[in-house]
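Student: Okay, here's what each chain looks like letter by letter:
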Amino acid sequence: QGGGSAVIDMENMDDTSGSSFEDMGEMHQRMKEEEEEEAEGEAGAAEEEDGEFLGVKGLQGQLGRQVADQGGKMWQAGKRQASKAFSLYANIDILRPYFDVEPVQVRARLLESMIPVKMINFPQKIAGELYGPLMLVFTLVAILLHGMKTSDTIIREGTLMGTAIGTCFGYWLGVSSFIYFLAYLCNAQITLVQMLSLLGYGLFGHCITLFVTYNIHFHSLFYIFWLGVGGLSTLRMVAVLLSRTVGHTQRLILCGTLAALHMLFLLYLHFAYHKVVEGILDTLEGPNMPPFQRVARDIPVVSNVVLNTTAKAVALTL
Amino acid sequence: SGFVPPDMVQQQPYTGQIYQPTQAYTPTSAQSFYGSNFEDEPPLLEELGINFDHIWQKTLTVLHPLKVADGTIMNETDLAGPMVFCLAFGATLLLAGKIQFGYVYGISAIGCVGMFCLLNLMSMTGVSFGCVASVLGYCLLPMILLSTFAIVFSLQGITGIILTAGVIGWCSFSASKIFISALAMEGQQLLVAYPCALLYGVFALISVF
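So the sequences go chain by chain: A and B.
Mapping to the working numbering: the first sequence position 36 is 36, numbers consecutive.
Mapping to the working numbering: the second sequence position 50 is 1050, numbers consecutive.
Think of the hints as simulated: they come from the structure by calculation, not from any bench.
Please note: incorrect hints may appear among the correct ones.
Claimed, not checked - Some chain A residues well away from chain B (every beta-carbon gap over 10 Å; in silico):
no.: 1; residue: Lys73
no.: 2; residue: Ala77
no.: 3; residue: His146
no.: 4; residue: Ile190
no.: 5; residue: Ile208
Unchecked claim - Label pairs and their in silico Cβ distance ranges:
no.: 6; chain 1: A; residue 1: Thr310; chain 2: B; residue 2: Phe1153; range: 55 to 65 Å
no.: 7; chain 1: B; residue 1: Ile1151; chain 2: A; residue 2: Ile216; range: 41 to 51 Å
no.: 8; chain 1: A; residue 1: His219; chain 2: B; residue 2: His1054; range: 53 to 63 Å
no.: 9; chain 1: B; residue 1: Ser1154; chain 2: A; residue 2: Arg80; range: 50 to 60 Å
no.: 10; chain 1: A; residue 1: Asp69; chain 2: B; residue 2: Met1083; range: 23 to 33 Å
no.: 11; chain 1: A; residue 1: Leu185; chain 2: B; residue 2: Glu1186; range: 43 to 53 Å
no.: 12; chain 1: B; residue 1: Ser1154; chain 2: A; residue 2: Phe181; range: 29 to 39 Å
no.: 13; chain 1: B; residue 1: Gly1169; chain 2: A; residue 2: Lys149; range: 12 to 22 Å
no.: 14; chain 1: A; residue 1: His219; chain 2: B; residue 2: Ile1161; range: 52 to 62 Å
no.: 15; chain 1: A; residue 1: Ile216; chain 2: B; residue 2: Ile1110; range: 28 to 38 Å
no.: 16; chain 1: B; residue 1: Val1068; chain 2: A; residue 2: Leu111; range: 51 to 61 Å
no.: 17; chain 1: A; residue 1: Phe218; chain 2: B; residue 2: Phe1153; range: 45 to 55 Å
no.: 18; chain 1: B; residue 1: Phe1038; chain 2: A; residue 2: Pro103; range: 50 to 60 Å
Please read all numbers here as calculations on a predicted model, not as lab measurements.
Even glycine gets a Cβ: it sits at the ideal position worked out from N, Cα and C.
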């Protein structure tokens, strides 16, 4: 009895201080100590019982077993307490409904994210789902890593992986929160999960553009993709937001900010992680550069004079 | 006729040890019975939980992509096999001149945590961290073959890209197949395979570049 059950004895919680986590921790500690006292009491009794038969069993065997049992019990109690704290703080089950999707739905939403809607007079439906956006952010991370590895980018302060993850997740979470804040100011009908979902699916265009242009290096091709593919996904997000906002000024602020940030992010990703490749291409395929010139080292006369004077001075002192 | 207690009818053989209340308690493992004989202890491999037959079964399940996976083989979490595979992967990278054990372990750890969170969110029944680590570790085996190939031939041509894509597909297909059968998530194999493909893609990046 008292084997780690989560039932709290309400008698001890009459006073107002009984509901804080520290006090719960104390309760658990007290329960654990009571358990151990019980266990020790039992063990002590058992020891005395077996202690009479020293010659038969051997004191070592019994004591060893009791100590191991004690150690085991303490480990169990500690593990139970840690798992209780973990389940209290890290309850990810609240995110469970957002991951309940079928592959068909994900594919449909991916394709829809590139098609701007025409009807902006009544609110468009946004699926509040987080699996697709999360996978798209990870795909963007993988594409960035691939691009950095191909172009031999060297990150001085930090690692490649950390930079890629920080950039992509920072954009997704940061810009979503910022636009959600603006939407709150502009009275737009959108929740944070919907905003995360919308922006996440909007990264599909970015993934396609970067995947193509990191492997085929043409500046004009990048600009075509930037305007075409990036523009389509931005238009889709803007149209959805327009349908959910009332008032010209508010619409302008919200959609203008989102469009600017989204397009500029694609521009940034291309140029920040792609510079080195351009440099290499210029040397290999660019206009004819003169071959490396060997220039003879020209030792100026001044230094010779200084050297001779110094040598003479040293000789004189010796 | 009197009442005869049943004990009296059956004579217990005299073992020379009387008043042993704990005699009825026969220990099954050597951990709780420190004073036992040497011959009574179970074999070392059994004590450590390394079962070669199961390891071989799991390896075959991974290597043969079309073989139907048995959901129960993943019930016992075995981390000996995955540890050996991670070390082997690091060793093959070392032979190719890349000293990147740190990356291998770091990405394995982060990937396992990520997959653990995702699978717990997506499945009806939960999954333990040991199971996830075990499955992901076993399915690393084709990646070891890829990095062995990369010792001798460079993977940066068009054949390298095709081979790398094929191996990533093989690894993620096997991993998702085992997860689906262990967690009863029919119809979501693609959804589980894609994050596995991303994880193995990062490993492939280390092998190729």
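Student: Holds or violated: 43 to 53 Å for the Cβ distance of Leu185/A and Glu1186/B?
Tutor: holds, 46 Å
Student: Range hint 52 to 62 Å: satisfied by the CB atoms of His219/A and Ile1161/B?
Tutor: About 24 Å separates the Cβ atoms of His219/A and Ile1161/B, which means 52 to 62 Å is violated.
Student: Using the C-beta atoms of Phe218/A and Phe1153/B, is the stated range 45 to 55 Å upheld?
Tutor: The hint (45 to 55 Å, Cβ to Cβ) is violated, given that Phe218/A and Phe1153/B are roughly 30 Å apart.
Student: For His146/A, is the shortest beta carbon distance to chain B beyond 10 Å?
Tutor: His146/A is in fact no farther than 10 Å from some Cβ atom of chain B, at 7 Å.
Student: Could you check that no beta carbon of chain B comes within 10 Å of the beta carbon of Ala77/A?
Tutor: Holds, since 18 Å exceeds 10 Å.
Student: Please test the hint of 28 to 38 Å on the beta carbon pair from Ile216/A and Ile1110/B.
Tutor: holds, 31 Å
Student: According to the definition I'm using, a residue is off the interface if its beta carbon is farther than 10 Å from all beta carbons of the partner; does Ile208/A meet that for chain B?
Tutor: holds, 16 Å
Student: Are Thr310/A and Phe1153/B spaced within 55 to 65 Å by their CB atoms?
Tutor: Given range 55 to 65 Å: holds, Cβ gap about 60 Å.
Student: Using Cβ atoms and 10 Å as the threshold, tell me whether Ile190/A really stays out of contact range of chain B.
Tutor: The assertion about Ile190/A holds, with a minimum of 23 Å to chain B.
Student: Measuring from beta carbon to beta carbon, are His219/A and His1054/B in 53 to 63 Å?
Tutor: holds, 56 Å
Student: Confirm or reject the claim that Asp69/A and Met1083/B have a C-beta distance inside 23 to 33 Å.
Tutor: holds, 30 Å
Student: Are Ser1154/B and Phe181/A spaced within 29 to 39 Å by their CB atoms?
Tutor: violated, 50 Å
Consistency note: the structure conflicts with the earlier hints numbered 3, 7, 12, 14, 16 and 17.
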